[in-house]
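Work from the hints to combine the two standalone chains into their complex.
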Amino acid sequence: MNVVVLGATKGIGRALARRFAERGDRVFLLGRDPAELDRSAHDIEIRANSKAPIGFAHCDLADPDTFGPALAASASALSQVDTVVVTAGDFATQPALEADLARTRHLLTVNFTNTVLFCEEVRAQLFGRGGTLCVFSSVAGDRGRKPVILYGAAKAGLAHYLEGLDHKYRAKGLRVVCVKPGFVKTSMTTGLKPPPFAGEADGVAADVVRAIDRGQPVVYSPRIWQAVMLVIRSLPRFVMRRIEF
Amino acid sequence: MTEPQLSGWGRVPVPGQELRSEDLARLTSDAVLTRGLGRSYGDSSLPPASRPVVVATPLADRILSFDDATGVLRAEAGYSLESLYHDFLARGWFTPVTPGTQFVTLGGMVAADVHGKNHHVDGTIGRHVRSLRLRVASGAIVECSRTQEPDLFRATIGGMGLTGHILEVELQLVRVPSPWIWGEMMRVANIDEYLDALKASAAHWPFTMGWIDCLSTGPAMGRGVLQRGRWATPAEAPREFPRALIRVPVPVVCPSWVMGHTVGKIFNEGYYRWNRTTPARVVHPAKFFYPLDALVHWNRLYGRRGFTQYQCVLPEAAGRAAVKQLLELLTQQGAASFLCVIKDCGEQGEGLLSFPLTGTSIALDLPVRDNTQSVVDRLNEFVISQGGRIYLAKDSFTRAEHFRAMEPRLDEWLAIRRKWDPTGKLRSAQSVRLFGDPA
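Protein chains in written order, with this note's numbering: chain A, 344 to 588; chain B, 25 to 463.
Bound-form chain B, shown alone (with noise of 0.2 Å):
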């Protein structure tokens, strides 16, 4: 037989297996890790190689309680953001922080504090996370918060599952005037103009996010659509709420050439040209957050060999030019991409390694070929020049010494995540790659 498998969303894997259960806390007895659905693209939910098993979350996805007139809710680690659309946005409730898909769960949103489109009004999710219960690497069972245990908090808040597993999770939920969102979108000629949009949007919306094509260069260099919306008033909403859409499947593992420089020219002009600026109108929520939920496995265009998101943030200081010299860098490495996601970040968080912080945040897909390794070093190096840093949640490439220098906070994080684990048993093959833990 085979050994069994196990990846990231980016398709490349290493040896292991999943454990699901509805009993998160016996299963979590003896682990190292645990993961949610697995929607990181790296290797953060990737067990370790001397220990090839990982508890999974998403049986374990039950409401604890919910209270109608604050909005807190309190779940199991493995209840998803799809569930949460379909029980509570009905009703007037929703995350006050999403990312770009609904396959997730709270304990994994948690652990990667994930943002959204609304990242510089209402930061990452750890803002709006009151609560946490964890099993921590001695075997008990603790709950934290900011003021009960706060440095084991702020620790998970953006750790990766590496300070104790998530159990349980209490978040507060915001209050939406209907499920519809009132949206617009904007054609932009280059990357000045994009960004320039960007930051003008960003005072009047909520939700600002947008896609440039870095294979276009000269004058046309990062041209794209931007899009900002937000939460439609019950006067702009249609009455029915949004029907679910219907999801389509990528079936097999497509061949390399699908997601290489001649399609992506074809597909970006495309997709340029079909995208003219819109006033502003109702869309649907589920396109707006999650407009590539519909394609179901689409991490299977990718190809055998899989791919990674390169996925940093330049801080403002470093100014538009760094920007610019980052989309340069890429064209130059041949690494210019089929998707490249641009967003304005608000405030560092709490979290000790939470990922956000204010300036320009720039996120590509690459499909793994022989240099990918060469390019990750090239653009970490340009990023470490700029003071900015990458997002472990997209992570598979980066080295030890490169992350230790974007990373001024690490040492604190060390230290807090040593205290409750002094023998360093809970890893990842991230942790590994990134810390040093033993294989």
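If we strip away everything but chain A, and leave its shape as in the complex, we get (with noise of 0.2 Å):
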């Protein structure tokens, strides 16, 4: 399977290229720094110890036209790309985007338009004849909660967007999976207090490797946040009212 990442240079993103390539796959990085992106290619060709050189190339989910020369690069190095990973995001707390309307729209803009735009442009130019595509949506987004209410809105909007591709171009060959990751320890999350079930980046890829060769639309992981959105999605409002989570 020949694979792109967006975001492989750091948490689960890097946990999964590195699981790929340890499998055999052909993996291709997308990232914003092209030092970070150097480095993180020779981690995987040592732990794979992979022959060939992994290739890389600049993708900044911040700004748009990237996303065509990134893409390009990708299908010239694997020739065929057969899935595609998103991982990428941005994240800022509630109050932090609250006392910063730049921030929010900056947070808005990469979490949900440029990530649909990065879809779209995978769709029309990859997967014409089909591919699996991987997006990192939230738990966050499975309910209007008080801690999450901005960054989760852009993570529903995304998981809409991708469960519509799903339906629409399931039969056509496309295959999407909406990763819903609960609370994982990275650096997206440091500083914050880790709940009960909070999990680690290596956990989530493992997960995510296997609902991606399985082609199931929607994973939760760690698995028990699963069950706890459940609870979560059928509190009733004047709970939701009261409580912090």
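Do not rely on the hints blindly, as some may be mistaken.
Listed next, the stretches of chain A that the computed footprint assigns to chain B, with coverage defined by at least 3 CB atoms under 8 Å from CB atoms of chain B [as the list claims (entries may be wrong)]: (1) 490-499; (2) 531-543.
Below, a list of computed lysine to aspartate or glutamate pairs in the DMTMM-like style, where the Cα atoms sit at most 20 Å apart [stated by the list, open to error]: (3) A:Lys-536 <-> B:Glu-42; (4) A:Lys-394 <-> B:Glu-42; (5) A:Lys-511 <-> A:Glu-464; (6) A:Lys-528 <-> B:Asp-47; (7) A:Lys-394 <-> B:Asp-91; (8) A:Lys-515 <-> A:Asp-433; (9) A:Lys-536 <-> B:Glu-425; (10) B:Lys-311 <-> B:Glu-264; (11) B:Lys-311 <-> B:Glu-371; (12) A:Lys-528 <-> B:Glu-106; (13) A:Lys-515 <-> A:Glu-464; (14) A:Lys-528 <-> B:Glu-27; (15) A:Lys-528 <-> B:Glu-42; (16) B:Lys-443 <-> B:Asp-461.
Keep in mind the hints are simulated off the structure, nothing from the lab. From a predicted model like this one, the values you see are computed outputs, not experimental measurements. Glycine included, every Cβ here is placed at the ideal spot set by N, Cα and C.
Following this line, the structure appears as structure tokens:
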């Protein structure tokens, strides 16, 4: 399988790229910082004991002009792209976003508008004859909740878009995998108090690889979060107004 | 909201919080301390009260280079032994020295200058470190080795992260003939027999260590099980790679009687009876090196108040009488422990605060009780009288004056540290306790 990972230098994207390469998939890395991409590519080459160098290209979710060239570079390096994974995204806490409209605009743009634009380009440019598109939404998108109103709104919109894609294009060979990670101990969440059931990046990566192989349309990870969110979604509003979760 | 707390493996918390990032260079620019996976038992990876934030390295885990011809590995400080086992053992390479858990990072291994079952042959990890990249107190990033800033290098090996934030480690791996261990068990009836067997084994086996029952007294005092091994040859080893072992978590913090005297007695009796002398055979490497890793969160067994590990080394010159006296002292203090591990150590390493010295190392887990401080004090007084010392990576109770009395190399280490950190910026809860750093 040939896989492109956007957000491959850090967190779950890093863990995913390693897992794909270690089992023999060919990977191509996309990210913002060429020096970091180079370091990560080298790390993966050594871990996977790969003879061929791992390719990479600049791609920034904040700048849609980078999407086309990045995807073209991926396609020419891998000749055929089977899977595209998007783990990149922006994060800030609800209080930080409420205090700064520009910050909010940036987060909403990156996590919703530009991520959707990226997916549309992938669909049009790479997946004319099918493929697997795996995109990271979040459990934060499952319900409007006090600590993640704005972040969650963007992730909810993204999940909605991915569901629509799945309905329309699955018969045509496009498989969509929407990942909803719960709390994962990465640099995105550092400094926040981890709730019970917090996961590690590599464990989430293992779940995601399995979901991609199966073409599972929605996957929660760590899996316990599926049950947690089932409860949260069913709570009445008067309860949601009171709790801080 | 409750104040966030942080603890070492012994689960005795202080106010504090970890900051994690892939980008260590950015995180460490203003930090006072860096930790790895938090497997040191005491307060060495805990922050001072006034600066309750510790940088954690586990996300900075990239391999930077590896030379298949020479086995030289360079990686970011958060690269773990668990990853090294996964990435390199099947290719015929392994770490030259491993502690008793694989949940440690390269940076943490260097900071504590860890040793393993092969210390009598291969020394500590420091001997196999070629070079280190540090962020020192001034903010500068410095490469150090035996030829470049050698003082900083010696002070950093075993320096508990107090000379600079370790960013990258260059380590010489060793070739192994197979991923399996060829090993055997020996049941021994008392401490004299145990120490004899340990010494005799050291001449022929690269890996030796063992468990003794320090709850038994009289003629059976120090009865135990000695384990020895070496890497299996390709002819001895099974053809397949050792399968990943199943790990079972301890789900909850246990009540304190779980690791109390009665259960300890029963456990030790059972363990002694269960482990008979066996002829040499193939042993799973993870079972051999990391038996306790199969029990995830085993530190929860020790209850709400947590535990400490007392590990000291008694010099060869003190003789086996000293080892026996220490065991008697333990019994007297009512501190005889569930798990007691004895191993012989080889020569002292080059790290200025490196723990091992030629002699016998004794390690025991002590549940924290009201009298723990006085037990540790008594043990330390005895260890000082014998010319021994304790292991900082395990410690959280030793008094500053006791440590000073154990450590003739301390002034040299402090002087080098002061040169690189004149204002005393880098510090830990342990350095506040032991070296008088500002809290």
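Hints and how they fare:
1. Under a criterion of three residues with beta carbons nearer than 8 Å to beta carbons of chain B, the stated coverage of the stretch 490-499 of chain A fails, only 0 such residues being counted.
2. For the stretch 531-543 of chain A, the proposed coverage by chain B is satisfied: 3 residues have a C-beta within less than 8 Å of a C-beta in that chain, meeting the threshold of three.
3. Proximity of Lys-536 of chain A to Glu-42 of chain B is assessed by CA-CA distance (about 10 Å); at most 20 Å being required, the pair is judged to hold.
4. Between Lys-394 of chain A and Glu-42 of chain B, the direct Cα distance comes to roughly 37 Å. Violation of the 20 Å bound is thereby established for this hinted pair.
5. The suggested pairing of Lys-511 of chain A with Glu-464 of chain A holds, with an alpha-carbon distance near 16 Å, which does not exceed 20 Å.
6. Simply put, Lys-528 of chain A and Asp-47 of chain B have alpha-carbon atoms about 15 Å apart, close enough for the 20 Å limit, and the pair holds.
7. Simply put, Lys-394 of chain A and Asp-91 of chain B have alpha-carbon atoms about 13 Å apart, close enough for the 20 Å limit, and the pair holds.
8. Distance hint between Lys-515 of chain A and Asp-433 of chain A is unfulfilled; the C-alpha atoms sit about 31 Å from each other, more than 20 Å.
9. Of the pairs offered as hints, the one joining Lys-536 of chain A and Glu-425 of chain B is violated, with about 37 Å between alpha carbons and a cut-off of 20 Å exceeded.
10. Proximity of Lys-311 of chain B to Glu-264 of chain B is assessed by CA-CA distance (about 16 Å); at most 20 Å being required, the pair is judged to hold.
11. A distance of roughly 27 Å separates the Cα atoms of Lys-311 of chain B and Glu-371 of chain B; the hinted pair therefore is violated under the 20 Å criterion.
12. Taking the CA atoms of Lys-528 of chain A and Glu-106 of chain B, the gap is about 18 Å. The hint holds against a cut of 20 Å.
13. With a C-alpha separation of about 17 Å, the suggested pairing of Lys-515 of chain A with Glu-464 of chain A holds against the 20 Å cut-off.
14. The straight-line distance between the Cα atoms of Lys-528 of chain A and Glu-27 of chain B is roughly 19 Å, inside the 20 Å bound, and the hint therefore holds.
15. Restraint check for Lys-528 of chain A and Glu-42 of chain B: satisfied, since their Cα atoms lie roughly 11 Å apart, inside the 20 Å limit.
16. With a CA separation close to 15 Å, the supplied pair Lys-443 of chain B and Asp-461 of chain B stays within the 20 Å bound.
Going down the numbered hints, you'll see the structure goes against 1, 4, 8, 9, 11, while the others check out.
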